[in-house]
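J.: The lines below spell out each chain.
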Amino acid sequence: MKAAVKRLVSMIPVLIGVMLLTFIMLRVVPGDPVSIMLGEHYSQAKIDRLTRAMNLDKPMWEQFVSYMLGAFRGDLGVSYMMNKPVTGLIAEAFPQTFRLALMAAAIAWAVGLIAGITAAVKQNKLPDHLFMGFSLAGVSVPIFMSALFLQYFFSYRLKILPLTSDGSAASLILPAIALGWNSAGSVARMTRSSLIETLQADYIDTARAKGLLRPAVIFGHALKNALLPVVTMMALQISSLMSGAVITESVFSVPGIGRLATQAIQNRDMPLLQGTILFTTILVILGNLAADLLYSVIDPRIGDE
Amino acid sequence: MTEKYKKQETRDELLSEIGDYDGLKEKIIRMYRNNRLAAFSAALIILMILLAVFAPYIAPYKEAHQDLLMRLQPPSRAHLFGTDELGRDVFSRILYGARVSLVIGIFPSMISLLIGIFFGLIAGYFGGWIDYVIMRVADVMLSFPSLLLAMALMYTLGRYANSVLCIFGALSLVGWASVSRVVRSVTLSLKETEYVDAARSIGVGRPKIMLRHILPNCIPSLIVLYTLNVPSCILSESTLSFLGIGVQPPAASWGLMVNQSKQYLFTMPWLALAPCLTIMIVVLAFNFLGDGLRDALDPYLKKG
Numbered sequence: 120m121k122a123a124v125k126r127l128v129s130m131i132p133v134l135i136g137v138m139l140l141t142f143i144m145l146r147v148v149p150g151d152p153v154s155i156m157l158g159e160h161y162s163q164a165k166i167d168r169l170t171r172a173m174n175l176d177k178p179m180w181e182q183f184v185s186y187m188l189g190a191f192r193g194d195l196g197v198s199y200m201m202n203k204p205v206t207g208l209i210a211e212a213f214p215q216t217f218r219l220a221l222m223a224a225a226i227a228w229a230v231g232l233i234a235g236i237t238a239a240v241k242q243n244k245l246p247d248h249l250f251m252g253f254s255l256a257g258v259s260v261p262i263f264m265s266a267l268f269l270q271y272f273f274s275y276r277l278k279i280l281p282l283t284s285d286g287s288a289a290s291l292i293l294p295a296i297a298l299g300w301n302s303a304g305s306v307a308r309m310t311r312s313s314l315i316e317t318l319q320a321d322y323i324d325t326a327r328a329k330g331l332l333r334p335a336v337i338f339g340h341a342l343k344n345a346l347l348p349v350v351t352m353m354a355l356q357i358s359s360l361m362s363g364a365v366i367t368e369s370v371f372s373v374p375g376i377g378r379l380a381t382q383a384i385q386n387r388d389m390p391l392l393q394g395t396i397l398f399t400t401i402l403v404i405l406g407n408l409a410a411d412l413l414y415s416v417i418d419p420r421i422g423d424e
Numbered sequence: 011m012t013e014k015y016k017k018q019e020t021r022d023e024l025l026s027e028i029g030d031y032d033g034l035k036e037k038i039i040r041m042y043r044n045n046r047l048a049a050f051s052a053a054l055i056i057l058m059i060l061l062a063v064f065a066p067y068i069a070p071y072k073e074a075h076q077d078l079l080m081r082l083q084p085p086s087r088a089h090l091f092g093t094d095e096l097g098r099d100v101f102s103r104i105l106y107g108a109r110v111s112l113v114i115g116i117f118p119s120m121i122s123l124l125i126g127i128f129f130g131l132i133a134g135y136f137g138g139w140i141d142y143v144i145m146r147v148a149d150v151m152l153s154f155p156s157l158l159l160a161m162a163l164m165y166t167l168g169r170y171a172n173s174v175l176c177i178f179g180a181l182s183l184v185g186w187a188s189v190s191r192v193v194r195s196v197t198l199s200l201k202e203t204e205y206v207d208a209a210r211s212i213g214v215g216r217p218k219i220m221l222r223h224i225l226p227n228c229i230p231s232l233i234v235l236y237t238l239n240v241p242s243c244i245l246s247e248s249t250l251s252f253l254g255i256g257v258q259p260p261a262a263s264w265g266l267m268v269n270q271s272k273q274y275l276f277t278m279p280w281l282a283l284a285p286c287l288t289i290m291i292v293v294l295a296f297n298f299l300g301d302g303l304r305d306a307l308d309p310y311l312k313k314g
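Residue numbers (this note's numbering), protein chains in the order written: chain A, 120 to 424; chain B, 11 to 314.
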């Protein structure tokens with residue numbers, strides 16, 4: 120418990136740092152953020168109005184403090200493009216991204232575990248080389264490529280799954296596969312190396328010496344320990360899932376956070392971009408925290424220090 | 011004469027005491043012998059670089075050469091991968107696109123390597139509040155999903171520079187944090203060792219200790235990190251260009267080519283397939299090479 124509190128406290132400087140960095144990246148640019156947003160064809164009056172509305176006439180530190188205090192209250196400003204509060208837009212979009220990421224994670228887990236375990240058990244034999252080759256290929260395929268060609272085969276050729284998202288679960292299958300594919304590769308590689316390491320431990324020899332069958336040793340004894348790092352890694356995958364969601368949501372027009380970010384950048388909607396980046400980064404930080412805590416829960420050897 | 015002979019003798023004695031020590035070169039050579047896939051990948055990468063460098067001499071058509079009568083042709087002998095919506099030869103554009111993609115893969119990784127080495131050495135060597143500040147900043151950088159971080163940087167930098175330079179800058183700033191973590195941890199464990207103490211005691215300056223005595227020990231890990239960072243930069247560039255916020259037309263980039271041809275995906279899938287496969291092969295080659303190097307040089311780096 121003490122360790123958990125300590126971790127929570129150590130999160131705060133990182134959180135403030137994230138806010139500061141997003142702020143610096145998007146606002147503290149030489150030149151006028153409003154004219155960047157509006158482009159070149161707007162009158163001075165309109166620029167002045169927006170400047171005041173976004174508090175941009177105040178000194179920089181005051182802007183940051185008011186943005187930070189607002190963010191803690193859940194106020195991330197107003198989207199310039201849609202003229203709605205950013206928090207509301209994110210709250211609307213997040214369930215879509217969450218469902219997509221959850222399905223992708225499930226696929227990554229299922230495929231990755233099976234491939235990783237098979238490869239470890241058949242180490243240096245054909246299935247090992249095959250699965251590891253495939254998983255490296257999985258990591259190397261650009262997500263937009265798998266997304267486009269999944270569309271081509273399953274929606275256009277076979278016509279069994281919808282081309283774009285309409286909110287139904289069936290329409291999320293293709294984006295989830297495209298998104299989960301990359302993580303599956305990482306899960307498989309991690310599972311393999313971790314299981315191979317565990318299989319060399321003394322207690323595995325003991326279990327075998329007792330005359331236990333190989334599957335019993337692998338599933339009953341080895342896997343429990345071997346999966347610990349894999350569990351934490353999965354929580355760390357939130358970051359790459361979020362990056363990937365930007366692409367899959369754009370290809371399959373899923374109205375989620377990633378598409379919000381792409382739209383924000385295309386329309387030069389700074390408050391929306393700032394909000395989505397801040398939100399996803401906080402998710403990642405929480406994911407890391409969860410990974411740490413989970414690790415000490417499932418592995419009592421780590422415990423409180 | 012005798013003195014020289016004596017020196018040689020002590021050297022041999024010392025060497026035999028150390029035993030068969032494999033240097034960096036020997037390890038890499040051994041990897042090439044044992045790991046055919048990695049060797050093949052390295053050859054492929056060199057070939058790709060040569061193709062990119064000599065693109066103007068190899069490509070059958072000019073990068074922007076349009077032939078509006080020959081729009082959207084399927085692959086043929088005249089146009090190996092067909093032509094795009096403006097009648098430009100896809101094969102030639104892939105060769106020219108290799109210049110952008112490889113430059114963006116190879117150089118920003120190098121810059122982030124240098125930044126990472128600099129901060130990692132300083133954080134590890136000086137410790138204290140300097141270490142705390144640098145490592146918290148690295149934590150912050152690592153918390154951002156990399157694509158979103160690059161997108162934010164593109165938004166800001168996009169005003170000031172041409173799009174290729176922009177991606178160049180954005181990707182240089184994304185990758186340094188993990189490098190500095192590795193360098194810091196090596197520095198931390200080495201700065202207390204006897205040989206560093208010895209160097210310090212005979213008055214070797216700090217910069218020299220860091221660069222000559224500590225940094226060389228990071229090189230194996232850094233080679234691996236670098237080789238694996240290149241493909242992720244190539245992927246980031248092509249993804250940004252695919253989303254329309256990276257390289258801007260009329261420049262040729264693989265990701266941009268996929269973006270422009272995705273509207274013909276169902277009628278002319280080869281248009282998107284050619285640049286996609288090129289990206290995949292190049293990224294795969296770098297990943298296989300990085301994997302091979304990791305097994306050969308740095309067995310302690312975890313696979314993930």
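Hints were generated in silico from the structure; no laboratory data involved.
The reader is advised that the hints may include incorrect statements.
To be verified - Okay, the calculated bits of chain A under chain B, using three or more residues with CB under 8 Å as the criterion:
1. 197-203
2. 255-266
3. 284-294
4. 338-347
5. 354-361
Bear in mind that the values here come from a model prediction, so they are computed numbers and not experimental data.
Glycine included, each C-beta is placed from N, C-alpha and C at the ideal position.
J.: So, for every hint listed, does it hold in this structure?
T.: Taking the hints in turn, this is what the structure says about them:
1. Note: the stretch 197-203 of chain A has 0 residues with beta-carbon separation from chain B under 8 Å; the three-residue rule is not met and the coverage is violated.
2. Only when three residues or more bring their CB closer than 8 Å to a CB of chain B does the claim for the stretch 255-266 of chain A stand; here the count is 9, and the claim holds.
3. Here the stretch 284-294 of chain A counts 0 residues with a CB under 8 Å from a CB of chain B, which misses the bar of 3, and the coverage is violated.
4. Counting residues of the stretch 338-347 of chain A whose beta carbon lies closer than 8 Å to any beta carbon of chain B gives 0, which falls below the threshold of three, so the coverage claim is violated.
5. A count of 3 residues in the stretch 354-361 of chain A with a Cβ less than 8 Å from any Cβ of chain B is obtained; the coverage claim is therefore met, three being the minimum.
In summary, the structure is inconsistent with hints 1, 3, 4 from the numbered list given earlier, while agreeing with the others.
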